[in-house]
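Protein chains in written order, with the working numbering: chain A, 1289 to 1429; chain B, 18 to 238.
Please keep in mind that the hints were generated in silico from the structure rather than gathered at the bench. Treat each hint with caution, since some may be false.
[What the hints assert, rightly or not] These stretches of chain A come out as covered by chain B in the derived footprint (C-beta under 8 Å, 3 or more residues):
#1 1302-1311
#2 1365-1374
#3 1398-1405
#4 1411-1422
We treat Cβ as the ideally placed atom computed from N, Cα and C, and that holds for glycine.
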Amino acid sequence: MRINKKNNVIVIGCGRLGSTIAGNLSDKNKNLMIVDMDQSSFRKLSASYGGLTKEGDGTDIDLLESINISDTDILIASTDDDDTNILIAQIAAVVYKVPDVIARIYDTSKAITCKEFGIHVISPTDLSIKAFQKMIFNEEV
Amino acid sequence: MNILIVGGHAKANFLTKSLKDSGHNVTIVNKDKEWCKIMAHSHGIVGVYGDGTKPFVLKDAGAIEMDTVIALCNKDSSNLVICEVAKKQFKVKNTFAVVNDPKNIRIFKKLGVDKVISSTEILSDMIEFEAVIDNLINYLPMENEKIILSEFYVDVRSKVADMKIKDIDLPPEAIIAYIIRDDEMVICAKGHCELKVSDKVIVLSRSKDFAKITSLFYWGK
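Whenever a hint applies, use it, and build me the whole structure from the sequences.
Here is the structure:
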């Protein structure tokens, strides 16, 4: 996936991961929209963040439509709950045909259908295991 | 049939009882350890304690042997994950999810869940028809709610009382199929038949015409 030409990005879940990614992309002049249930979590965004924020439930299709999900190029599901991320990612990929959908999923055994729908899965657990193996056995996996 | 029920308290209890009574093999999965024990004891079934959205828990519960999986968790997203894992990993033929948000019915079906129901929607449908609930006896939506089979009671105040069927202002795509008189005589409705007070009437209609139909049998405004 190349981000260069893609401009509209929706991030759902403004935790440490979501807020940091949104900040980085905003610095690269992308049009950002970040969604979270809790207004106060937007405090985590960097001072230079130039995108929009929306308070609400990211699994609600009325909310997703109100932020023009069909026009977005990339959607990142980064809430703290695997099931919620899976639901959001599949709504985006299957119903609204968002070209690139990325979901953070701790337990990848749950994400069995995500590959089939072309969703990119990032698993902190898998990444940590790989880092460990590299560090301890000095092997690439 | 082998049926697995994931999540839910009162709903799971009720379903387990009625499915057991009709001769099915029921297994339950629940996050609540005490509830698992209670269910296992009171119904004589296998209760598996664990988070049903995790594939290994479903595996322990024998998901691979199941014909049907019913997901009753409080969170819509959990129910989606349960049904998807059951379908893809354990090749379960029928998956059934309960959702809170009625908008998720369409989405879940698109994502491959076989049957989706929303208690919120059923409740709001019932409230909507409460005004006519006195003379609406049966209400059965079919074909994804495109068609409605309904049964009405003809009250003395109903607009259609003592009218011939051909004179009733029915929507063009609606049919009065049968008239049930004195609880035993079933009459195949023809144009010249007259609707009498205390008849019951079976009507088939499109769901968009349903409000019009109810107004014919209702006596209010």
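Verification of the supplied hints:
{"no.": "1", "hint": "1302-1311", "result": "violated (count 0)"}
{"no.": "2", "hint": "1365-1374", "result": "holds (count 5)"}
{"no.": "3", "hint": "1398-1405", "result": "holds (count 4)"}
{"no.": "4", "hint": "1411-1422", "result": "violated (count 0)"}
Going through the hint list in order, the structure does not satisfy hints 1, 4.
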